[in-house]
Amino acid sequence: MKCVVGIDLGSTTTKAVLMDERGTILGQGITNSRSNYEVACAVAHEEAVLAARRSLLDRTIESLDGPGADEARAVRPRLREALRLELYLEELDELSDAVLRHVSHPAMAPHRAVLEPAAREVLDGMARSAPELFLGGGGRRSDFFRDVAGAAFMAGAERVCEGGRVPFDRLAGLFDRAILDVEVRFRRPAFAPLLTRALDRIVPGNGDDRGDRAARGRVEPLLRAAADHPLDEVAFVGTGYGRQTLPFPKEAVKSEILCHGRGAHDSFPDTRTVLDIGGQDTKAIQVDEHGVVTSFQMNDRCAAGCGRYLGYIADELNLGLHELGPLAMQARRMVRVNSTCTVFAGAELRDRLALGQNRADILAGLHRAMMLRAMSLLARSGGISNAFTFTGGVCKNPMATRILETLVREHYDAGITLNTHADSIYMGARGAALFALDDLRAGRPGILPNFGRAASQPAEDPPCGRSEPATHPFGREVDD
Amino acid sequence: MSTSRTPTLDPAKDRSQVRQKRMIAEHFERLARAKEEGRAVVYTFVPGNLTELIGAVGTLPVLPEINALQSGMRGRSGAYITEAEKSGHSEDVCTYVKCDIGMLRSGNIGPTGTKIPEPDLLLLSYTGCFTFMKWFELLREQYKCPVVMLHVPYQADGVITPEMRQYVVRQLRDKVVPALEKVSGRRLDLDELSQRLALSARAEDDLVAVWESARHRPSPIDGYFGGVYYIGPIFSAFRGTEDAVAYYRELREEIEARVAAGEGPLCPDGPLGPERYRLVVEGPPNWTSFNDFWRMFSREGAVVVASTYTRVGGLYDTGFRHDPAHPLESLADYCLGCYTNLSLPKRVELLERYIRDYQADGFMINSVKSCNSFSAGQLLMLRELEKRTGVPGGFIESDLVDPRYFGKANIENRIQSYLQMLEARRQGGYA
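In the order they appear, the protein sequences are chains A and B. For the first sequence, position 432 (counting from the first letter as 1) is numbered 432 according to our numbering, and the numbering increases by one without interruption. For the second sequence, position 62 (counting from the first letter as 1) is numbered 542 according to our numbering, and the numbering increases by one without interruption.
Here are the in silico distance ranges between beta carbons for each label pair:
id	chain 1	residue 1	chain 2	residue 2	range
1	A	A347	B	G753	48 to 54 Å
2	A	T245	B	R833	38 to 44 Å
3	A	Q280	B	R884	17 to 23 Å
4	B	R906	A	D143	38 to 44 Å
5	B	N852	A	Q280	23 to 29 Å
To be clear about the criterion: a stretch of chain B counts as covered by chain A if any three or more of its residues have a C-beta under 8 Å from a C-beta of chain A, and this derived list gives those stretches:
id	segment
6	862-872
7	884-897
8	902-909
Hints listed in this document are in silico derivations from the structure and should not be mistaken for laboratory results. What you are looking at is a predicted structure, and each value in this text was computed from that prediction instead of being measured. Note that CB positions come from ideal geometry on N, CA and C, so glycine has one too.
Start from the sequences and build out the full structure, keeping to the hints where you can.
Encoded structure:
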């Protein structure tokens with residue numbers, strides 16, 4: 001199957017979207033940029049390829065007919081989660097290695113006797129509870145490994161540190177260092193072994209039950225055929241802050257303004273105004289009926305009001321970024337926060353906490369202060385026209401969205417529709433993929449040879465689950 | 481360096497530019513000798529500069545704004561600004577002012593390495609910039625020298641009335657000329673002033689021809705980045721001199737040769753490649769990263785066909801010329817007509833004209849936060865221009881000479897986004 005790739009190298013996260021020739025999204029991937037765009041690009045891309053394989057598998061299952069088809073359809077929802085679980089476990093293995101590596105550092109010698117067993121206990125507990133996390137049906141607030149693993153690690157660490165024998169800060173510090181290692185490693189997880197392990201988990205077929213064995217026998221070949229379906233990446237476009245750092249030819253690089261505008265318009269074709277709040281950028285974009293940008297404004301000189309603003313506040317409160325919005329939603333009143341500087345807002349937060357004000361109420365005020373900056377930028381770009389689409393990582397924050405709705409009603413027209421999308425963070429990459437699709441349709445394939453080959457071929461060696469050092473298509477291209 | 485050298489890839493090395501460089505060097509040499517030769521020195525501003533009058537009484541002009549921008553281009557402004565801030569000038573004050581104050585506190589060494597003499601008179605032409613008044617107030621405190629103020633009424637209604645003209649003429653006659661005569665010890669010879677004004681008009685004719693050459697495709701000039709080189713002589717010490725006449729004649733010939741050869745402008749990396757975007761620019765350039773800023777345009781094939789910044793020291797392409805038959809009235813009209821003295825509607829009108837006349841694909845505003853006289857209202861101008869012309873505007877922010885406020889990655893990102901937007905709109909939509 002021919003497909004195109006859009007990659008958005010954002011200041012905080014790097015996103016990749018794979019799209020088929022009809023413009024349907026096959027897969028999406030995301031990772032932290034951490035200033036290493038080469039690795040981030042490869043990691044996000046691989047994740048998107050895996051996701052594409054999952055969705056192709058889904059499609060194939062949907063269209064199956066004959067023996068095993070119904071059984072395959074029956075396992076599909078659990079299979080999706082089981083595949084995510086297997087990926088999570090792979091990364092958890094890496095996290096364990098990294099944590100233990102940090103414990104063994106000479107500087108940790110005085111604490112090792114206490115920390116190492118504690119860390120092992122936490123990590124083992126995470127591995128044991130992982131199946132419940134994915135297959136237990138409880139749902140997760142985030143699919144980011146950092147968020148899921150971070151929450152699990154901290155919960156485990158709190159338990160282990162009860163009683164005060166193990167210092168919590170040191171244990172938590174191990175995670176903070178190790179997660180950076182994990183996030184900048186390029187893996188090439190192969191889909192086929194992942195599939196085998198996922199099937200082993202949900203349709204083991206190795207018990208005494210002949211029916212189970214037969215079911216496995218019928219389902220597996222069908223799924224394997226789908227998993228081996230070739231993915232030919234024939235065009236790609238890069239966008240975002242890091243786009244200049246990669247060896248993309250100039251024609252394969254598009255401004256994120258155009259990409260975000262186009263991605264948002266593709267998701268909601270009535271869109272005329274787009275607000276994108278990313279890690280360090282806020283973009284107010286006006287588009288026409290074709291999704292072509294007609295005007296835009298971006299924050300300049302100061303990144304207050306962007307995603308990092310919330311990241312900083314989350315750090316101050318020792319919370320995960322994804323926990324901020326839900327906590328702020330519990331506010332009973334909105335504390336007025338006037339600081340327009342991220343650092344001063346942190347100071348105001350501490351000050352108000354010291355005065356005994358409610359954490360959720362203060363957080364609500366911080367969210368409002370942030371969105372007021374976005375309103376100012378929107379005004380500069382030409383205001384808000386219907387329909388209004390909110391994209392970027394911050395869009396996932398329910399409090400940010402709720403406040404934006406209120407502000408739009410207060411300052412513009414109550415009849416304006418505010419669109420948000422579950423995959424809002426991928427809009428830039430989606431727009432980039434659409435530009436790549438233009439290239440494909442116009443007969444201008446722009447794929448880097450190594451990029452396509454490495455990305456589309458399932459890795460057979462080494463076996464899945466093991467990481468490789470950070471060499472990847474982009475890196476090789478540069479070195480050549 | 482030979483003055484007969486043929487044009488090279490460096491815009492500063494065209495024959496005309498070699499001449500300009502020599503002219504400037506000679507001017508600073510004259511300034512360096514001024515005190516020993518007993519010549520009075522007059523500090524004044526670019527908008528509303530009365531160079532012919534200053535020259536006609538035998539005094540020499542110094543333009544602190546030009547010193548500041550040259551300090552910016554030479555990488556000195558950062559240290560000068562720090563020096564000024566140490567003495568109590570706020571971060572938000574006009575960076576030209578701080579650069580000048582810092583230069584003064586650092587020995588007042590000019591761009592050619594010679595010391596700039598202290599002023600005998602501060603000639604404050606007030607043309608739309610309130611900061612000018614405060615600037616010279618600071619210099620007066622420093623130098624303990626007289627200030628003569630020429631109050632130029634703001635063109636709020638977009639017209640120069642006879643009363644406005646007379647008001648300026650009266651000040652010229654009763655205040656400015658006597659003040660100049662006093663420091664120079666020489667009476668003004670109106671005939672000599674007229675002769676100088678006749679030379680001004682000749683140079684102005686050639687400058688306008690240079691501006692209008694941008695109607696060609698490809699444009700042979702960049703009317704903003706290249707344009708700031710072209711305004712050098714006429715906005716500073718040379719209007720009304722034979723030197724300026726020769727410079728603008730030579731420049732015009734060079735440009736006409738480029739038109740005949742179908743060549744585009746010379747840019748920092750050499751001749752501009754295929755002309756992809758024709759832009760009009762509003763607002764002053766950034767001086768500390770001038771070539772980098774220019775490359776952000778030229779590397780994308782963008783050429784500036786007209787700009788308003790290059791009209792701050794005199795607006796000639798709407799018909800005004802210095803008139804030797806009416807010397808003081810003509811100087812009054814010149815001051816009243818400077819771009820900085822125009823109302824917002826008049827500025828919009830001028831930009832609209834440029835966008836249409838020069839068939840621009842877009843227009844870009846470089847907004848400078850520390851320059852309120854320029855920046856206030858620029859977003860309104862942007863919206864109005866988009867409405868009137870249907871041509872999309874771009875908006876970037878930087879600073880005049882404070883290197884801390886030039887965010888290369890951010891600015892480049894906006895410029896590229898803007899140019900790609902123009903391209904997408906040109907194609908009328910996506911596939």
